Amino acid sequence: MNRIFRLPKGGLYLPSQKEVVKGFPIRNAVLPPIAVVPLVQSDGNEVTRLVQVGDFVQEGVLIGKGKGKHSLHIHASIPGTVQEIRPIPLPRGIEAPAVFIELGGEFDRLGKKEVVYPWRSLSHRELKNLLIEKGVVDGNFPLDGPIELLIINGMELEPYLCSEYRLLMERSDAILEGIRILQKLLDPARTLVVLEDKALDVQVSLGASLRNQQIQGTEGASGKEIELVLLEGKYPAGDPEQLVNIFFHQKVTPKRTLGEMGVTVIDIATTFAVYEGVALRKPLMERVITVSGKAIRRPANLKVRIGTPILDIIEECGGLTQTPVKVVCGGPFRGYGIFDLRTPVTREMSGILFLTKDEIHPGVRTSCINCGNCLEVCPEGLHPSRLFKWIDHGYFNEALEDSLLGCTECGCCAFVCPSRIPLVQGFQVGKVHAARVLNGRSSKDQPNG
Amino acid sequence: MDETLIITGTPQIFNRTTTARMIWTVCVWLAPAALWGVYLYGMGALKILLVSILTSIGIEGGIGLLRKESTLQDGSACLTGLLIGMLLPPTVPLFIPILAVVFALLVVKWSFGGLGKNWMNPALGGWAFVWLSFPDQVHTWLFPAMVRGVDAITSSTPLILLKNKLFLEGVKGSSPMEILASAGFPRSLMDGSWTDWLNGKILEPLGILLPPGYIDLFFGFTPGAIGETSAFLLLIGTIALIGKGILPWEVPLSVFTVFGTLVFLFGGFPYGLGWGTGDVLFQFFTGGFLLGAFYMATDLVTSPLTRWGGIVYGAGIGGITFLIRMFGGAGEGIGFAILFMNIFVPILNRFLTPKPRVKDKRV
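Protein chains in written order, with the working numbering: chain A, 1 to 449; chain B, 1001 to 1363.
Looking at chain A on its own, in the form it has when it is part of the complex:
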C-alpha cells in the first residue's frame, strides 16, 4: 500500500474541476414524468423488444432482451404506460429506437426497505445468470474463471466526474461486497483495487471497510485477499490498457486482448451494479451521475433512472445560469457532446457536464507548428503529429507502420495541441480506413510481404 505506481510514459496532470461537486452526497433524483429508455447500449446490437405501445410496465420489468456482445437486458426504469416507440439520437451520434414510458401506477421499490439476499451459497452458474438477467453484463462477457488478475479500477481521472468517488465514499461496503461476488465468479489469482494516490479519503474509507470485514470475518467463503494499490493521478493512468501495463507488465495490443491475458478490469460503477444485481436482486435501471459545469446552477451527484431526459436533470439542478456552449455526456475526454437536450441518460453515462466557453477553450484549427507537445504527452509513445499527417494525406499503410493501432484515443494529444488539430478524430477515421487497407491487402497478398 506504500508504493505509488506511475504511468510509465506521457500523460497529463489535469485540472480536476471536481471540488465544486465532490462534497455533495449522492441524492435520488425525482422520477421523470416520461422516461426514454433506448434499446441499444454503447456499440452493441439492438435488443429484442418485449413491449408494445399501450402496455403497462412495472418498475424493473424486462422490456428488451439482449443478444450478443454489448447488448444487455433492458428493464423499465419507471412504472407506467408505454406511450410510443420511436428512434432518438444517442450521445454517440447514432440513432436508436427507444421506449417512451409515461410515469404512472404503483412503485415497487421506491420507499421500500432494501432486502439483502444471501449470495454466497449460489453456484457460479446462478450468479452468472443473475448478472445477465439483471442487465449488469451481457451474455458474452467473460465471467468464467480462473483468471490471473482482477483489477477494480478506482481511478476516476477525468475532470469534473465524481460519481465513482461518491460511491467509494458512501457505499464502500457495497463495493467490497461487489468485489467478493466478482472474485467468486472469476476466481482471480490476485485482486487489485487501484486508487488514486492523492485521494486519501477514499483510501481511508475503503481501507476501514476492508479492515472491518476482516475483523468480523465476513470476507467470504473464498477468503481471497483484496489488495489496495495506489497509482499516481496522471490521466490516462485509469485506462484499462495502462492499468494492465502498469500492474501486469504486459502490453495490450489489437492482437492480444485482456481476455487472452487472463486479466479483467472492472470499474467502480459496474462493481456497484454487480452488488445491486446480485445482493439486492435489483435490475440495472438507475445510475449515479455527476452533474457539473459552470453553466448549471446547482451541481450535484444524482442517482437517476436510466432514460431520464437531460432537460429534467437541468430542472432538478436548479436550471442553467448561462447558455452552455457544450453539453457533454460522460467525461470531458471520453464523453460525447450532444445537441438535443431531450437525450436521455444512458447506462454508460458517468456525468453530464454543462460547459461554458471559458472551460473548454475552443479554437480554430491552424497549421501544425511542430511544438512537440503531443509527443510529450502520448502515453503510448506515438508520434501523433506525424500520424495525423500520414492519415491527412491518405498514407494509411505508413500510418499503420507508425503504430496507428497503438493509439488508445485517450485524447491527451488533442488536449495539448495549440493548433487545435482534431487528432483523435483523425486517428478514428484513420483506423477505419486502415482496416479497409488491411482487408483489401490480406485477400491478395501477405501483409509485410
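Treat the hints as calculated values from the structure; they're not laboratory data.
All values derive from a computational prediction rather than experimental measurement.
Careful, some of the hints might be misleading.
[As the list claims (entries may be wrong)] 20 angstroms max Cα-Cα, derived PhoX-like pairs, lysine-lysine:
1) A:K9 x B:K1117
2) B:K1117 x A:K251
3) B:K1068 x B:K1117
4) B:K1117 x A:K389
5) A:K22 x A:K303
6) B:K1355 x A:K389
[Said to hold, decoys possible] So these bits of chain A aren't anywhere near chain B, every CB distance computed over 10 angstroms:
7) F24
8) L258
9) G319
10) R420
[Claimed, not checked] Take a look, some chain A residues computed to stay more than 10 angstroms from chain B by CB distance:
11) K9
12) G44
13) V51
14) Q52
15) I85
16) S123
17) Q214
18) L280
19) R297
20) P309
21) H393
Ideal Cβ placement from N, Cα and C applies to all residues, glycine included.
Position chain B against the provided structure of chain A, taking the given hints into account.
This is chain B only, laid out in the frame that chain A set:
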C-alpha cells in the same frame, strides 16, 4: 438553444494555450527590449522597427487576400517583423528591413507553405539575406547617446572591435574588457557606480570582483542591433515565457551550457591567455547571444520536436557559435549557428523520437 451547442469529436475540452496566444505572448514580452532599443539609439530605431513590422503585416495580409484565408491573427507575421527590426543596427536605410521582411516571408516562410512548414527561422533567414547582401549598411553601429553624454556616434560592436584588435593588430595578454578599455571604448557613469556598489555590498564578501564594463553590457549601453543589447529586459521576458511554458527551456539551457563551457575552457587562447580563462559573461552579453538563444533557437517550428532533440540541437548551436566567434570573421556567430542547425532538425526528429509502447505494426 439547441443550435448553439458545439458538437466535436473527443476530447471535449482543451488546454488554454493556442498557437496565436503563444506567439502574441512572445511579441508582448519582446516589446520592452525593442522599446529599450528605441530609447538607446533614438527615433531611427523606432522607424526601422515600425517599417519592418508594418511591411511584414502588409505582406502577410496580401498573401491572406490571395489565399482567401487570413493568417494575420496568429501573430507570426508580427513576430517576424519585430524580430527582424530587433536584429538590425539602428542606422540601416529603410529599404533593408523591407527587403529582409520580403525575403523572410515570401522565400523562407510562404514558399514552403506558411507557418509551421518552413525549415528555416524566417526572421533569421531575412536577417542573413541582408547581412550578406549589404555588408556596409548593416555594419554601422551607434553608441547610445547617454553613454557619451553627447550625440550618438557610430562605432563598431565590442565583438568586432575585439576581432580587429586580436587578428589585425595582434594585441595579446589581456582580457576582452581590458582591450576594450585601452581602445578607448567609452563607459557610462552608471557602470562605474553600479559596479562599485555591487562589488562593495555583495561580491567582495564572496571573494569575487566584477571588473567595470559589464553593467553597461547588461543594460545595453553599448553599440549593437536594436533589440539585442539589453540583456536585462531579454532575461525578464525569457523568465516570464519559460515560466508560462511557452518557450522550451531545454534548448537555451543546452546552448548556454555548451557555449559557456567551451568559452570558459578555450576562450582565453585568442587573447594569449591559458586554459580556463575565457570570459563567459562577456560572451553571453554580446553579439545578440541572448536574443538568439532565447528567442530564435527556441522557435518551435524550426527546432526539434522532442526534449532530447532540443538538447542536441542546442548543443550544436552552442558549439558552432563558439567556433564562429573563435575562428570566424563574423563577430556574432549565433545567427548563423542557428540557421546551420535548422538544417539538422529533420534528421534529429527522425532519430530522437519516442519509441511506440506497442510494437505491433499490424492487426
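How the hints compare with the structure:
no., hint, verdict
1, A:K9 x B:K1117, "violated, 28 angstroms"
2, B:K1117 x A:K251, "violated, 35 angstroms"
3, B:K1068 x B:K1117, "holds, 19 angstroms"
4, B:K1117 x A:K389, "holds, 12 angstroms"
5, A:K22 x A:K303, "holds, 15 angstroms"
6, B:K1355 x A:K389, "holds, 18 angstroms"
7, F24, "holds, 22 angstroms"
8, L258, "holds, 14 angstroms"
9, G319, "holds, 12 angstroms"
10, R420, "violated, 7 angstroms"
11, K9, "violated, 6 angstroms"
12, G44, "holds, 20 angstroms"
13, V51, "holds, 29 angstroms"
14, Q52, "holds, 31 angstroms"
15, I85, "holds, 23 angstroms"
16, S123, "holds, 38 angstroms"
17, Q214, "holds, 38 angstroms"
18, L280, "holds, 34 angstroms"
19, R297, "holds, 15 angstroms"
20, P309, "holds, 13 angstroms"
21, H393, "holds, 13 angstroms"
Hint check: violations occur at hints 1, 2, 10, 11; the rest are consistent with the structure.
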